[in-house]
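**Q** Construct the complete structure from the given sequences, taking the supplied hints into account.
There are 2 protein chains.
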Amino acid sequence: MSINRRLAATTARLLPGLNPSEGSGRVLVAALKLFAERGYAGASVRDVAAAAGVKPATIYAHYASKEHILAELCRVGHDEQYRGVRTAVLESGGESREQIVAYVRAHVGFHTTYPMLAVVSNSELHVLSEDLGAATFVLRRESEGLLQDIIKRGVQSGTFKVVDPWLAVAAIGGMGLRVAYWFSPAYKLSAEQVADGYAEFALRLLAADRPPVARAQAG
Amino acid sequence: MSINRRLAATTARLLPGLNPSEGSGRVLVAALKLFAERGYAGASVRDVAAAAGVKPATIYAHYASKEHILAELCRVGHDEQYRGVRTAVLESGGESREQIVAYVRAHVGFHTTYPMLAVVSNSELHVLSEDLGAATFVLRRESEGLLQDIIKRGVQSGTFKVVDPWLAVAAIGGMGLRVAYWFSPAYKLSAEQVADGYAEFALRLLAADRPPVARAQAG
DNA sequence: TTGCCTAACTAACGATCGTTCGGTTAGCTT
DNA sequence: AAGCTAACCGAACGATCGTTAGTTAGGCAA
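Respectively, the protein sequence lines represent chains F and U. Going by the numbering used here, 186 is the number at position 185 of the first sequence; the sequence numbering is gapless. Going by the numbering used here, 56 is the number at position 55 of the second sequence; the sequence numbering is gapless.
The hints are simulated quantities; they were obtained by calculation from the structure and are not laboratory data. Fair warning: there could be bad hints in the mix.
Since the list gives no way to pick one copy over another, a pair counts as held whenever it fits inside one copy or between any two copies.
[To be verified] Mimicking EDC-like on lysine to aspartate or glutamate, the simulated pairs with C-alpha atoms at most 20 Å apart in a straight line are:
| no. | residue 1 | residue 2 |
| --- | --- | --- |
| 1 | K56 | D132 |
| 2 | K162 | D210 |
| 3 | K189 | D150 |
| 4 | K67 | D132 |
| 5 | K67 | D150 |
| 6 | K67 | E96 |
| 7 | K56 | E131 |
| 8 | K189 | D165 |
| 9 | K56 | E68 |
| 10 | K153 | D210 |
| 11 | K189 | E145 |
| 12 | K56 | E92 |
| 13 | K162 | E92 |
| 14 | K153 | E81 |
| 15 | K67 | E193 |
| 16 | K189 | D80 |
| 17 | K153 | D165 |
Everything numeric in this text was worked out from a predicted model, so none of it was measured.
**A** If you want it as structure tokens, here you go:
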């Protein structure tokens, strides 16, 4: 339509295994796209139904309410994000440097792979009632807590140097969040390159020591 | 109401001189608060009218449509933001280091001083038609272009070291944007401290040289 | 007082909102 | 062939949406 798009991505990707032509999945993908592009309140149930190739009444055969659709998207999104960063950090070495790189690469990777899911589950979360949002809030806190723990540990060991660890959490988390809005496969840098760049940014932001062993290479 | 607030700020601050009890200003401040907290589509004209202490019809004596209210908020917000960073950079010295510090401090300062204005003018902008959003888009490009120019200049002079200047623009801009969502006067750090911290983060992210003259002090 | 202007109001328009109810279809089991 | 189940749809409910037309109240000039 117009120049002012909410996010650069144009295709709604949901987790593998959930996309298929089954009714419930079609509705979820359609809602993902419309909620991402227009916001939850800006996309009507009729819009979602039309995009899913279904009549409005059919949606209520799969979801109890419009809010339940959003709750499911938020839960799936935060679940995948937390799963990604947690796995990446666990599989990295014990060094704080490695952990931050693993976290940021996974974090940015989620926002480039699932931009619409990231936008919806982060910027529409406030609509959910306390009950429907509870599961998502837990995951959000876990993700943020993990990053905070990595940074605090690195500061204590002297690897990182920041005045306030939480401010670094906010900065690193914030710059990663925004990636979902401007990244698209058509961007001049690949998702891998963006993730690498942001990981380097995070290391610099934390004033991280150069790697302990030889193979050092500056950004 | 619930835990899940869209942003931490609770009071709607508009630019000085626009707040007063005059009808048009009351409506604008009320719309600012509700659009920030619930989103443009999530806040009805009746809600805005009630918050402003007037009847719905009165709003149309001051603004042609609901969209015009949003357009005005977006314009004011981007105008103030651009004015702030531009002035700060111009008043700083010619050194790239000083310019980045000035830019980031002003950028973060805007987001801590006018969090609701920042949230609305950045995350509801996509609703505006091409016509109504045109003025705002120009200002947005100017702001981003200014940051990009500062970084490019610093890279050319060897002060900064980044592989892709635009990626640094995205990272620095993104981390500043998010401040509007979590900052509140009740936060443990003052707005000044947050701005200082983010300026330091930006310098580190760009791998800036230590200041050329003596008075160097590490973060 | 009269007339006018501004600003706010009451009341309502048609459209669209989320949601529900009852019925229809398609496919499988027996 | 008969019966069951799950999925889907047509039609409509009351509520709320953005917006407008017409009216009323108050201040000021004549």
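**Q** Against each hint, give a clear statement of whether it holds in the structure.
**A** Against the structure, the hints come out as follows:
no., hint, result
1, K56 x D132, "neither (28 Å within a copy, 34 Å between copies)"
2, K162 x D210, "both (9 Å within a copy, 17 Å between copies)"
3, K189 x D150, "between (34 Å within a copy, 19 Å between copies)"
4, K67 x D132, "within (15 Å within a copy, 32 Å between copies)"
5, K67 x D150, "neither (36 Å within a copy, 45 Å between copies)"
6, K67 x E96, "neither (44 Å within a copy, 53 Å between copies)"
7, K56 x E131, "neither (29 Å within a copy, 31 Å between copies)"
8, K189 x D165, "between (34 Å within a copy, 10 Å between copies)"
9, K56 x E68, "within (18 Å within a copy, 30 Å between copies)"
10, K153 x D210, "within (15 Å within a copy, 26 Å between copies)"
11, K189 x E145, "between (30 Å within a copy, 18 Å between copies)"
12, K56 x E92, "neither (45 Å within a copy, 59 Å between copies)"
13, K162 x E92, "neither (24 Å within a copy, 30 Å between copies)"
14, K153 x E81, "neither (24 Å within a copy, 36 Å between copies)"
15, K67 x E193, "neither (35 Å within a copy, 42 Å between copies)"
16, K189 x D80, "neither (29 Å within a copy, 30 Å between copies)"
17, K153 x D165, "within (9 Å within a copy, 29 Å between copies)"
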